[in-house]
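Student: Both chains are sitting in their own frames, so use the hints and assemble them into the complex.
Chain by chain, the residues run as shown.
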Amino acid sequence: MRPFRIFRPSRRALIAASIATAAVAGLPLAALADWPQFQGRGTHDGSSDGPSAPFELAWRNDDIDITDGEITGGLSAPVVAEDGTVVVVGPHEVLTFDGGDGAETRSTTRHFGPASQPAIAEGTDGPIAVFTEGFGDDPPPTSATPSPSPAVAPDGEDGFDSHVRALTLEDGQDVWETPVELTEIVQAPVATDETTAYVADVGGTVTAIDLDTGEVRWTADVNAPVASAVAVDDDAAYVATVGEQQTPGEVVALDPSNGEELWRSGDDAVLGNIVSAPTLSDGRIFVLEPGFVVAVDPDDGGLLWRTEIVNPRTAPFARQGVGGLAPASTDGQVVAVDVTGRVYALDAETGALTWDHALNDASTLGPPLLTEDHVLVPANSGTLYAVDRASGHLVSRFESEETLLRGLADGGDVLVAVAGFEEPRLLAFAEDPSAALIDEPSPTTLDVGELLAGFALGALPVAIAAVALTRPLHRRLWSATGPTDVLDRRDDG
Amino acid sequence: MRGGGRAARQEPPPRRGLFSGMGAPPMASMPPIRTAFVRGLAATWSSPLIVGFTIGWVAVEWLVLVAAGFVGPFALLAYGPATPPLSTTTDLAVSIGTLGVGLGLPLVLLVAAVHALWQSLLAGLAIEAIESGGASRWGAVRGLRAFPVTLGVHAMGVAVLFASQIVAGLGGGTLSLVLEVAIFVLAVWAFSFAPVIAVADGRRFFDSLGRGIRAARLPGSGNLTFATLYVVPIFATIIATVAGATPGATLDVSPPYTAWIYVVLLNLFHAAIAGAVAIRYLAVADDVPDAPARSTRSDAGARAAKRR
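Top to bottom, those sequences are chains A and B.
Each number in this note's numbering comes from the position in the first sequence (counting from 1) with 10 added on.
Each number in this note's numbering comes from the position in the second sequence (counting from 1) with 2 added on.
Bear in mind the hints are in silico, worked out from the structure with no lab data behind them.
Please read all numbers here as calculations on a predicted model, not as lab measurements.
Take the hints with a grain of salt, since some may be wrong.
To be verified - Here are some, though not all, of the chain A residues that point toward chain B, as calculated from beta-carbon distances under 10 Å:
| id | residue |
| --- | --- |
| 1 | 464 |
| 2 | 472 |
| 3 | 474 |
Don't be surprised by glycine CBs; every beta carbon is placed ideally from N, CA and C.
Looking at chain B on its own, in the form it has when it is part of the complex (with noise of 0.2 Å):
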């Protein structure tokens, strides 16, 4: 297991402020993000399992939903394992899209729950490729550990794309399109090494996202830039989507193959990106410090006696 325990009785460090690492030298042990990006692509990408996986979700869980009642727009299947709330479009859509505001609006955790088993299977694939070279079906076995952590996280993207609407509507025009993709950035920013830890560290929730927010904020890593490079042109294709402006954005059940391009092309994308997170984590695995220790009983009744 890495980046276990071995910090975990050293000298807690110094507090910082959320972004306090913005300003430091690059870390030397992090992946730059293109070399990281141009790694994680080639390792999923030259994958047939991988490539094949992607393809096949696609293709069959159009033909559920479609069977379900849903009639597109097919493009949305674009962003089913992104890391939310990147893919709490899709959840949302599909979801009242098939069922209807009344019954699809609460039950949206059953699409999003879809989705987290799709990014856990995948990101068990993309760290086995990045480890081993190849994926194999064990990777996705491994992958599946990660599920309880991938389905927490689209649930709580799901509050934050109705926070983003929120803090969007007050707001006007330019700004709010701002402010929302802001949220959209640091929520990815927050919860993209989340997954990986489970994979490679079996975590649980709570303290996959934790490790994944310290790895995050390590000084001079760069996660930040790397979060917005991935939001930024993803959010545009899902504004594009919605405006109708994109392949497969039309109501319409037998996609033509111009959607298939597109929504495939950028499956591929989200697994590149996969890689790249993995690469990134495992990287600096080990540079990541533990959480602080909680207090206990003890140690408040120590400090009690010594203001006594």
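Chain A extracted, bound-state conformation (with noise of 0.2 Å):
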């Protein structure tokens, strides 16, 4: 039995009720930020009504400092509250930015770990930043002065160092009496649904708790490591399991309410180690291995299709930090960015590649973001790409000037992303109406015209000046020595 829940509007019902407000009022409108955890919603499908290309820098705010950010991959991926306020996890710290400037807001002090993307969601008295801490037994070493915590075992003593904690947006306070405890850490973001937040660590133990109390409502082991966001609608709760070196990863079903398995992806499902979280998005789970995009089946995880992925640098598919990795889908497309920064897009239904583009700029540390029109994808160079959704052509090239660029976020009229690891910037990129979009195809569509132009201007050039300074020394050679000088050295023996 489900338990008993508070009343709380539904975003629909509130962008309505803001919609009609400002119409009333007679006030410009303004897009609602939509961004509260990994990939927009429990389902992940990193679909964005925000903003598209071409974009123009809104704002930047270089002034954060974290220490031991080389140690976690600096900040984690940023969440955006209904506000706007933009909340991110450091390596010591909970930071909180205003999302009109950027500017910080709020740093609160959290066990040094994994920059795990925290989530944000409605508690009673607001909302609410979920967020794990600690490194558990062994953590690295670390250059900064241990600080205090409020975070401690509820019995007083040290306890295992991997929590779950909850802060009020409003003030920083704790919202529970104690930090949730784990028994083993978490490199994975928090997934919420109204009432409940998702954990799932790395021992496989996935752990639900009450938004409102920080009571645990259950706990399940997946008998597996889990190194992604759990995924949940309101049927079940969905956990990738990586799997080990010779065993297959595999997608399960958990019953939200209590824990119980529902079911187990099947044999024939998923075959190699899964490296994003699942995907929830037209009746179908979609989840990453190293070469393929599989799709199953929501009801009893049945594989609906399985599509190799080709890439001839390198294995198309690989997690990298606590950035998280997932295919993005929507309206019956799903696009997947592998780490030289090729994108894939497939037909929802069939699994049959629509396209691809090869960026050729890595791509490595987070997922790409859909919005109506483009896929958005941050390079780990700096640049933020879109591509056409329907073409595959490349529209809009912006360079941050910076590096390492990932997380992006749906903050209304801006998409937040952070940068850098050990000296990291919050950035916010609005659409530029002055700015033209271009249309350039794949470099992996022949253009003859250019193949031709390189082999005329490359080959061609070096082939001739190859013969021509060459000759004469070969002239030389084999005038003064003859064919067989070195040959006949045998004979002179």
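Tutor: Following this line, the structure appears as structure tokens:
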């Protein structure tokens, strides 16, 4: 039986109310921020109704002071509350920023731990940020002075240093009486639905926590390491296990009310390690293996399709850091970006590859974001790319002048992202009405003129130069010594 | 035919360790590495046929691969005619990159066969250029004799590449890299003479391979140094290509002129090496000991009678 839920207005109702209020008041409409957790919502579909290309930089915050960013990979990907407040997790702190100008508004100490993406949810007294902390019993060496934290085990002992905490966004106070202690560290984003936070640890334990009280509703052991966010909808909580070296991963569906296992994906569904979070869209679950995009039936875990993704340079998909990887999917299209920055669009129903675009700019730290028209890809070089969802052509290339750009989040009128590791930045991109879109096909489609020009300007001159420069040398050597001087030494000897 | 059976009936030389010749004084009949390389370069690069054949092969292979669905990196074609396992990275990447892991892995020998053909034709042309001062199509036809040998060596290159990955996995960090390079050097050292022997002496696969290894082991020949000087920079360019740091290392079916310059230059470098290897073998062919005679039934019977 599902626990009693306090009535809260739905997001749709809030949006409708805001539009109505603004219309009545005659105010200009501003888009609502809509990115409270990994890939936007519990289904992790990565779709956004926020701004799209072409972009300009709306604001940036270069004044973020953290230590040990090189250990945790800098800041987590951001999440954005409905009022635009941006929340990120740093190595030793939880930071909040004003969504209007990027100014830091609060820093709250947390136990040193992986910078896993937090989630924002509705608490009894307003929005709260739920996050994980702690490196367990064997933390990496740190340069920071350990700071006191309210996170202690309920019995007053030190306990295992891995917890889940929640802070109010209004005043940064702890929401729960005590943090929820875990038995393993967490390297995956926190997921939430309206009443519950879901956390999966590296030991394979999924913990469901009541958002209001911090009580553990249930725990479930999926018997394999988990390194990605739990996906949730009304029917189930879906967990993707990594698997072992010789054992493939699995998608496991749990009953959200009690954690009871509903099904595991079939033996023919997932054949390799799963490197992404599950994404729910169009009545399907999508996950990434190192060389495949796989669609699984959410009713019973059966295989719907699996499509091989070939990249001659490397295995296409690999999880790096705690940023989290996931396919994005909406409107019958699944989009995945590989580690070399090649974007693949597949038909959600059949798995057929509809187009690909090789950006040739590594994108290893996070998933893409889908707007109505574009796939937005943050690259390690700091460039934000936009690829047309219909044609697969590149339509925008915006250079942020930073590196390691990642974690695009819909902040209403802007897209928020983080960059850098040791010297992190928070950036916001807005639509640039004065800029024009471009139209560049993928370099993986043949351009005969370019090919011939490359051959004529590269191969032919080298060939002519090689012959022209070595002919005199060859003549000299040949006439001076004859054809067999080196060959005749054996006879001389 | 060089190095035939002149020494066949002589007393077999005492058995030596694999690298026992390393400390020997330089071999008088073996051209120094620099001399061999300069002559190999002059002989191959001055031949319009060899240079034209090289850029023509690169262009045609690229068009065929693109038509088959390969999208790059173009820079992988810089290693097509190299001695395995230097060319094996290309064999595998092209095969898997075109057909996927499921089909590409078992069919890697198809791509290897194409590159084996390339290597055998180049060996024939290079030997003709060394012997007669210029290359002609007959050199290429003669090179076809080496195809079974180069094909076998390419197949062994696949095994060597996997073995190097496994051995390298046992080390860590720098050690794994050193181990991998060492295995590549040893393989090139062992394989490089075989195509030349097949063309020049008309020998079959195992005969060519065995004789090539005996030639490589000649005391004071400097063949291990030669292999090291060839493998280390080429291995570095392979790593750079995988890391995306060379021209043509991206996914692009219409490579820019810088990528063509890079790929053609490296292929011409392999041609020069093929010429140098040919010179070094032809110079010492008569000094290469024949394989020890296999024991026959009558020998075994005689030994048994002696024991009795």
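Student: With reference to the structure, classify each hint as holding or not holding.
Tutor: Each hint, compared with the structure:
| no. | hint | result |
| --- | --- | --- |
| 1 | 464 | 5 Å, holds |
| 2 | 472 | 5 Å, holds |
| 3 | 474 | 9 Å, holds |
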